[in-house]
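Protein sequences, first through last, are from chains A and B. Going letter by letter, the first sequence gives residues 1 to 312 in my numbering. Going letter by letter, the second sequence gives residues 313 to 624 in my numbering.
Please keep in mind that the hints were generated in silico from the structure rather than gathered at the bench. Honestly, I wouldn't trust all of these hints.
[Claimed, not checked] Straight line, CA to CA, 25 Å or less: simulated SDA-like cross-link-like pairs of lysine to any residue:
hint, chain 1, residue 1, chain 2, residue 2
1, A, 288, B, 484
2, A, 150, B, 365
3, A, 276, B, 487
4, A, 288, B, 485
5, B, 365, B, 415
2 protein chains.
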Amino acid sequence: MKYCFGIDIGGTTVKMGLFQEDGELLDKWEIKTRTENQGEAILPDIAQAVKAKMAEKKLVKEQIIGLGMGLPAPVTEDGIVQNTANLGWGYKEVTRELEELLDGMKVIPGNDANVAALGEMWKGGGKGHKNVIMVTLGTGVGGGIIVDGKCLVGAHGAGGEIGHLCVNYQETEICGCGKKGCLEQYASATGITRLANMRLAKDEKPSTLRNVAEMSAKEVFDAVKAGDEVAIEIATEFGKYLGHALANLAAACDPAVIVIGGGVSKAGEVLLDYIKGPFKEMAFFADKDTEFALAELANDAGICGAAKLVLK
Amino acid sequence: MKYCFGIDIGGTTVKMGLFQEDGELLDKWEIKTRTENQGEAILPDIAQAVKAKMAEKKLVKEQIIGLGMGLPAPVTEDGIVQNTANLGWGYKEVTRELEELLDGMKVIPGNDANVAALGEMWKGGGKGHKNVIMVTLGTGVGGGIIVDGKCLVGAHGAGGEIGHLCVNYQETEICGCGKKGCLEQYASATGITRLANMRLAKDEKPSTLRNVAEMSAKEVFDAVKAGDEVAIEIATEFGKYLGHALANLAAACDPAVIVIGGGVSKAGEVLLDYIKGPFKEMAFFADKDTEFALAELANDAGICGAAKLVLK
Chain A
1 MKYCFGIDIG GTTVKMGLFQ EDGELLDKWE IKTRTENQGE AILPDIAQAV KAKMAEKKLV
61 KEQIIGLGMG LPAPVTEDGI VQNTANLGWG YKEVTRELEE LLDGMKVIPG NDANVAALGE
121 MWKGGGKGHK NVIMVTLGTG VGGGIIVDGK CLVGAHGAGG EIGHLCVNYQ ETEICGCGKK
181 GCLEQYASAT GITRLANMRL AKDEKPSTLR NVAEMSAKEV FDAVKAGDEV AIEIATEFGK
241 YLGHALANLA AACDPAVIVI GGGVSKAGEV LLDYIKGPFK EMAFFADKDT EFALAELAND
301 AGICGAAKLV LK
Chain B
313 MKYCFGIDIG GTTVKMGLFQ EDGELLDKWE IKTRTENQGE AILPDIAQAV KAKMAEKKLV
373 KEQIIGLGMG LPAPVTEDGI VQNTANLGWG YKEVTRELEE LLDGMKVIPG NDANVAALGE
433 MWKGGGKGHK NVIMVTLGTG VGGGIIVDGK CLVGAHGAGG EIGHLCVNYQ ETEICGCGKK
493 GCLEQYASAT GITRLANMRL AKDEKPSTLR NVAEMSAKEV FDAVKAGDEV AIEIATEFGK
553 YLGHALANLA AACDPAVIVI GGGVSKAGEV LLDYIKGPFK EMAFFADKDT EFALAELAND
613 AGICGAAKLV LK
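Bound-form chain A, shown alone (with noise of 0.2 Å):
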């Protein structure tokens, strides 16, 4: 039997996990993300953790398939990032590095929100397809495209920003990648607050949410749920801003499925009734049948990624 380890870095923690070559997680665990002194420690932090679990497993390194990694930033194929938000890495020559810390094994890095997608294609919410696109709905909206089994990595590492796709041109407000119109302002748990709170301002309609004490996509959902028709009309705005974004996204990339996952998708099914339709009726005609899931790997699906990265 052979192993490969999933590292998934995020700025807080770096999560991570050994496989077996079959793809059974045996161990998972976390270690800081030490960001100061732009992020030098990190590398080898992870080099030492992987040793001190292989000392611990009794494993050698001709049993080390890989490491696989995700990385909060652009990352092209050959392992370079030119900058990162919240790791303090500038330029960083990652594979290079970490292979060299790591006495010769195998590394292979990508994006984390694309290797998360890799993730759920292979045992979470798109398991069974080839072609998956997942969309994050966090604080802000992150996606990652799957072609035929692989990440769509692009030119500049930076494939799958679906959170940036325009879809409204008639925008007046600032996203924080200083478009206007971005999916990120209507989709996020940040939009979905932002349309709720124009929403309220526009007229005195009674709603639930007039009472809640923090405004959050969360209390939305909850009163969409609980049947509240002002927080139905914001469910549906979202959706349709989504579903059309998503229809764009399916005509170029022709999708089998369709994950969605990020803190917003704990509302579960409703939330995607408020997508589909949109998204069917502004699909091309291919596309109309395209499924939609719930991601369902929640925090693991960067290490699962990550090591599938490696396993191929």
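Please arrange chain B on chain A, whose structure you already have, making use of the hints.
Same frame as chain A, but now just chain B:
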């Protein structure tokens, strides 16, 4: 030396090419596409033409790597076509049927727009790159997306349907596909003519376009080159829709280069001038420096890309 065939099936003619394995095109010719009787003669005609060429060039089966083929329909990776608009075929197992007719020679089919994009990546406007988007501005708007050197085929063989991205959610006229606001309504030859007629009807502003016998994309861009202000307004509107659509596509697919082909592209570099500005305005930051190029292979893109399907 080994050889392969690249075949491009159109509604009127089948274009055929014989290539060396190093990519050199040795010979090209055409046969008629016989679409009568549900197109039952098309594949046998192709098989006969291939065998005749092999006899003429004294080639034996063992010297042929295979036969790649572009079709005007979505086609899945396993060679299934569900329907064609122009060939008379309904459900057809293209790979199996043609491999039988060719005594087991390897056949790899693909959608014609995707295959043309692969050709342009290999030998044309996208040469030297592995991530390419090609958009073909003809009667309609077609497209092909090349990811890491391979066609994005998709789950239903319908990847790269760029013409049916929605670029105007306020549109009231219906596209040929049944939706409203598709890129094809603004950026095809027909779409540019429509924009021109709408602009001319809006007011009485003088323009040389008011004197043309039959409005066309060529007339519009000829007038642009002559400095006609109304024509420049029309080209600006065309460029805004196409540039914005390509910016959305680039956020998803992160190409190194976007290749513009089809009849409209005969207008030349001036066309790119109108696309680049709106693209850059709407592009995600990682994609702002994406290159633009005109297609270079004209009618040979299909046979070249088809050959590349088998040469890998």
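Hints, one by one, checked against the model:
1. Using a Cα cut-off of 25 Å, the hinted pair residue 288 of chain A and residue 484 of chain B holds, with the two alpha carbons roughly 21 Å apart.
2. Between the alpha carbons of residue 150 of chain A and residue 365 of chain B the distance comes to roughly 38 Å, so the proposed pair goes past 25 Å and is violated.
3. Under the criterion of a C-alpha separation no larger than 25 Å, the hint pairing residue 276 of chain A with residue 487 of chain B is consistent with the structure, at around 22 Å.
4. The straight-line distance between the Cα atoms of residue 288 of chain A and residue 485 of chain B is roughly 21 Å, inside the 25 Å bound, and the hint therefore holds.
5. A threshold of 25 Å between alpha carbons decides the hint, and for residue 365 of chain B with residue 415 of chain B the separation of about 15 Å falls inside it, so the pair holds.
The earlier numbered hint that this structure contradicts is number 2, and it is the only one.
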